[in-house]
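Order-wise, the sequence lines are chains S and C. Letter 329 of the first sequence, counting from 1, is numbered 329 in our numbering, and no numbers are missing. Letter 185 of the second sequence, counting from 1, is numbered 185 in our numbering, and no numbers are missing.
Note that these hints are calculated values from the structure, not bench results. Just so you know, even glycine gets a beta-carbon here, dropped at the ideal spot from N, CA and C. Errors might be hidden in some of the hints.
As the list claims (entries may be wrong) - The calculated lysine-lysine pairs, modelled on DSS-like cross-linking and capped at a C-alpha distance of 25 angstroms, are:
#, chain 1, residue 1, chain 2, residue 2
1, S, Lys122, C, Lys174
2, S, Lys122, C, Lys210
3, S, Lys49, C, Lys55
4, S, Lys122, C, Lys62
5, C, Lys62, S, Lys89
As the list claims (entries may be wrong) - What follows is a list of derived Cβ distance ranges for each label pair:
#, chain 1, residue 1, chain 2, residue 2, range
6, C, Phe198, S, Glu76, 41 to 51 angstroms
7, S, Glu237, C, Ala148, 29 to 39 angstroms
8, C, Trp40, S, Gln347, 49 to 59 angstroms
9, S, Ser234, C, Ile29, 47 to 57 angstroms
10, S, Gln77, C, Pro172, 48 to 58 angstroms
11, C, Lys174, S, Gly278, 37 to 47 angstroms
12, C, Ala111, S, Ala226, 33 to 43 angstroms
To be verified - Pulled a few chain C residues facing chain S out of the computed Cβ check, cut under 10 angstroms:
#, residue
13, Gly56
14, Lys62
15, Tyr163
16, Val170
17, Gly177
18, Asp290
19, Phe292
20, Pro338
21, Leu343
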Amino acid sequence: MNRKWRSIIAVLLALTLLVAFVPGCAKDEPADEPTTDETVTEEPKTDIKAAMVTDVGGLGDKSFNDLAYAGLQKAEQELGVEIQVLESKEITDYESNIDQLATAGYNPIFAVGFLMTDTVVKLASVYPDTNFGGVDEEFYDGIPGNVVSLLFNEHEGSYLAGVVAGLATKESFDSKLNSDNVIGFVGGMDVPLIKKFEAGFIAGAKSVNPDVKVISLYTGNFTDQAKGKELGYSLIEQKADVIFAAAGACGTGTLVACQEKGALFIGVDADQYITIPGSGDVMLTSMMKRVDAAVFGAIKSMVDGSFKGGTAQYFGLAEDGVGLAPYHDFETKVPQSIKDAVDKARQDIITGTIKVPETP
Amino acid sequence: MSESRETLPAHRAWMTVAQKVGTPIASVILAIGIGSVIMWASGYDPVAAFAALFKGSFGGPKQIGDTLLRSTPLILTGLSVAYGFRAGLFNIGAEGQLFMGGLVVAWLGVALTGLPWVVMVPLLVVAAMLAGAAWAFVPAILKARIGAHEVITTMMFTYIGRYIVSWLVVGPLKAPGQIPQTDALPIGSQLPRIQTLFSEATLEALPFLKLGRAHLGIVVAVIAALVVWFILKYTTLGYENRAVGFNPWASETGGISVQWTTVKALCISGALAGLAGAVEVMGVHHRIFDQFSSGFGFTGIAVALLAKNHPLGVIPAAILFGALSAGAGTMQLEAHVPQKIILIIQALVIFLVAAEEIVTWFIKRRQKEALSHVG
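Using the sequences and the hints, build the whole thing.
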């Protein structure tokens, strides 16, 4: 009815579409399937509906939540279960999300992240017929009968990362390595879980290089990439040339710091060479935590009726629950002596010759 | 002629009210419309999505309770920001004051034992408000004495407050266990859920009282809104606040101390944010931890904007944001729309309220057209 008004609406729409495309690009893109591409055979359909609730990191974190979702997707393809994921924006969402999934008949329900421990305990008693999987959740007051606690021996995998870093800092196979014998660790929240990464990393490094100096810094959360970058800068200024980050999405910032200031990076949770494109120039390896395998395994146990509620399952080196990713672009550069040392350490941990500490 | 002259003032008054209420409503409707287009363009069904959103936020007593739960802190932070705005101050640091209020409650609520509930709860509420006010006091003094801009100082104080809490929950105040958080408040320091106040029989007879997670904090928040409205409208304190916000030079000339009013305004604003922290700790989490607030202090700015800084308008504005948050889960579950769409709609509401001039211009244009038709 009047042109001016219409043109304003048009501009507004254009603006908002522009705004919409930014999150649109990051729209919960299904996490890259890190598992092997097995041929999908027609499995008999089950009537199991599996679901997960992310922590506030949400999908697209390139590590923890994406990995759990990959486990669900694998179960959808291979076991024919129906899957659903609810993302949490705030802590208040945990309870309502799990509650809605349980009401809608999803079983099992995976709560991803230790921050949901209390909520799982509370709702496990409200919905006694629903099974829950608590990823990284340690239940100090006993595991409810319908909950399986999925835990990882992060210290074992981090020990191997420490062996790589401790030896690499003495080498000169890449121009970013210096002769100062300093390596760095960036942690997320200062909690026992992350301390396990730190402890393993330090122990591994010292085992092959007793004089190495390991500097550890914490971002205080798992989301602030700027903080991760800042700590990366700080470590590199203090002469660190290999940095291991166990800090969720903060690690992406540390990675950028490594690329800008020249240091090698060790990723966490997923094989971050694959999940973070363009990281190959500094990504030495990643300490993988196979959340996907744990989640898939728990769903499989539901399908074949062997779900063991009330227990904790530990995923360590022996179970392939943690481990190092390939060296990718560094495959030919990394000397055989490092690869041999890693293999030896892995064997020694599995056989029990080496006991890796859980606290630094 | 004489008839139209008599009706004109009433008509005018009605128009201003309609305009005040109309522009935010128009903005919300427009935001929903644009949000629908975005959803449709991304391959989702907007009708199903909004149906699910509504079901998840108002579909039953439990859902309404969830909406109220999420609106409660937003009413209080919205009030906090609005009160500051009315004195011409932009308290961008409500988040930090909220953390301080929550911290004091989480600490005192556990440390003081043995007091009856009726003493304990008011005591904690007052302590949290004092803590919030104290956290706004330094920025207030800096603003009043040397003119340091409150946007910078209150924001910096937010960082300080947040990091103090971060440190305390991993250090001195940490409860046993893996999670960095304080000990749980005893029952005597909690704000109970509304449905627990009624007997099983009453709840059966009146099922709308089964409000799920909604707690008494909503009552506290509504009372606070009424009190702030009363203060602004009927007291000298409120008059001075508005006068300074309207025109500080004229107020100074008229005998109002701008400095003193600034200090009072920011401290009251801080107290309201501190109260928000208190109800979250006492009603929802029963303890404090690093991420106990998902930016309620910042969402409060949007709530105040949408409410046009009217203390009673803050209530529906906060309920809107609470409903968007409460319905997001159902929207993901039933319409398979990612939760991020909700963030887009929230952003659109804020954007459109900020760009309200356009809507106002449109309305004026319509009025002119209408008048010209009459003429």
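So, going through the hints one by one against the coordinates:
A threshold of 25 angstroms between alpha carbons decides the hint, and for lysine 122 of chain S with lysine 174 of chain C the separation of about 21 angstroms falls inside it, so the pair holds. The straight-line distance between the Cα atoms of lysine 122 of chain S and lysine 210 of chain C is roughly 18 angstroms, inside the 25 angstroms bound, and the hint therefore holds. Proposed proximity of lysine 49 of chain S and lysine 55 of chain C is supported: the alpha carbons are some 22 angstroms apart, at most 25 angstroms. Our distance criterion of 25 angstroms between C-alpha atoms is met by lysine 122 of chain S and lysine 62 of chain C, whose separation comes to about 17 angstroms.
Restraint check: the Cα-Cα separation between lysine 62 of chain C and lysine 89 of chain S comes to about 20 angstroms, which is no more than 25 angstroms; the hinted pair holds. Distance hint for phenylalanine 198 of chain C and glutamate 76 of chain S: a CB-CB separation of about 43 angstroms, consistent with the stated range 41 to 51 angstroms. As the Cβ distance of glutamate 237 of chain S to alanine 148 of chain C is approximately 32 angstroms, the hint placing it in 29 to 39 angstroms holds. Look at tryptophan 40 of chain C against glutamine 347 of chain S: about 57 angstroms separates their beta carbons, and that is inside 49 to 59 angstroms.
Separation of serine 234 of chain S from isoleucine 29 of chain C is about 49 angstroms and conforms to the stated range, judged on CB atoms against 47 to 57 angstroms. Between glutamine 77 of chain S and proline 172 of chain C the beta carbon distance is about 49 angstroms. The supplied range of 48 to 58 angstroms therefore holds. Checked against the hint of 37 to 47 angstroms, the pair lysine 174 of chain C and glycine 278 of chain S passes, with Cβ atoms roughly 39 angstroms apart. About 36 angstroms separates the C-beta atoms of alanine 111 of chain C and alanine 226 of chain S, a value consistent with the hinted range of 33 to 43 angstroms.
The criterion of a C-beta within 10 angstroms of any C-beta in chain S is met by glycine 56 of chain C, whose closest approach is roughly 8 angstroms, and the hint holds. The interface hint given for lysine 62 of chain C is met, as the beta carbon of that residue sits about 9 angstroms from the closest beta carbon of chain S, less than 10 angstroms. At a threshold of 10 angstroms, the smallest CB-CB gap from tyrosine 163 of chain C to chain S is about 8 angstroms, leaving the interface hint in force. Checking valine 170 of chain C against chain S by beta carbon gives a least distance of about 5 angstroms; that is within 10 angstroms, so the hint holds.
Taken as an interface hint, glycine 177 of chain C checks out: its beta carbon lies about 5 angstroms from the nearest beta carbon of chain S, inside 10 angstroms. Look at aspartate 290 of chain C: its Cβ gets to within about 7 angstroms of chain S, closer than 10 angstroms, so that hint holds up. This hint holds: phenylalanine 292 of chain C has a C-beta 7 angstroms from the nearest C-beta of chain S, less than the 10 angstroms allowed. Interface restraint check for proline 338 of chain C: the shortest CB-CB distance to chain S comes to about 5 angstroms, inside 10 angstroms, so the restraint holds.
For leucine 343 of chain C, the suggested interface contact is upheld, since its CB lies about 7 angstroms from the closest CB of chain S, less than 10 angstroms.
No hint from the list above goes unmet by this structure.
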